[in-house]
Amino acid sequence: MTYGNAAFAALADPTRRRVLERLAAGPKAVGEIAEGLPVSRPAVSQHLKVLKEAGLVTDRAEGARRIYAIDPAGLGAMRAWLDQFWDAALNAFQAEVERLAMEEDAKA
Amino acid sequence: MTTATIRPAPVRKSITVPTSPERAFEVFTARFGVWWPRSHHIGASALASAVIEPRAGGRWYEVGEDGAECAWGDVLAWEPPSRLLLAWRIGADWKHHPDLLTEVEVTFTAAGAGATRVDLEHRLLERMGEDAQRVRESVDSDGGWSGILKSYADAI
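From first to last, the protein sequence lines are chains A and B.
The opening residue of the first sequence carries number 6 in the working numbering; numbering runs sequentially from there.
The opening residue of the second sequence carries number 5 in the working numbering; numbering runs sequentially from there.
These aren't lab readings, by the way, just hints derived from the structure by calculation.
Given the structure is predicted, the values throughout are model-derived calculations rather than measurements.
Don't be surprised by glycine CBs; every beta carbon is placed ideally from N, CA and C.
There's no promise every hint is true.
[To be verified] Chain B is nowhere near these chain A residues, computed Cβ spacing over 10 angstroms in every case: (1) V35; (2) E58; (3) G68; (4) A69.
[Said to hold, decoys possible] Selected chain A positions facing chain B (in silico; Cβ < 10 angstroms): (5) S45; (6) A85; (7) F90; (8) A94; (9) A106.
[Claimed, not checked] On the chain B side, residues computed to face chain A include the following (Cβ under 8 angstroms): (10) I19; (11) P22; (12) A28.
The following block holds chain A by itself, in its conformation from the complex (with noise of 0.2 angstroms):
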């Protein structure tokens, strides 16, 4: 099976499930995102610009900084979820379909 969706791509990567996971304690600065990561801060900024694009972070400007976060209710990961979760189930539909139409051809 494959997942076209930019979301379920973004949470491919370990590094970037653990950014959501250290977001979903609060916003964070890009600096505090990275600390104690095994990443550069370079590389966290680009985890967050994918993430970003997929819909599951938010972004805001406080001064010069710009303050990152999750949704507070986790709705994007929810989006993500159900996006495969409704393709594994209408693939499961089709699948039925296709098995009482064969059946109904081997009764003809």
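Based on these hints, arrange chain B on the given structure of chain A.
Then chain B, alone, in the frame of chain A:
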């Protein structure tokens, strides 16, 4: 501290199935418990079946292997063979909330000889976050953020 809130776009899916809209609607609803993925349930016990009651106002629920019923929502519009509108009342914490309304609309459209296009839209997802306190509490539990992230990791 204020944070910008993401308003999630509806989830939209389309597939085509090799049958008439009448038959597609029937399989989708009457055989829901047959085709629904077994991994997708909210009850404590493994999924035995799931049911969409065939009328407006009907219930939408799962039945666990222990026999317990677990509500998912209900049927808002029952318009065979072209349209089904379901209320999905499962929150971001994976629990049933009777007052939560998100909508799942499924339409069945003839697409040439013997084929039907099935379009599904799951919308009003932003309402899942309205009870922020509840969701915040779930963030640190296995049913919340960490659980969702584990699901991602498992699925990828």
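Inset, instruction - Mind listing which of the numbered hints don't hold for this structure, in increasing order? - result: When the structure is compared with the hints, only number 5 turns out to be violated.
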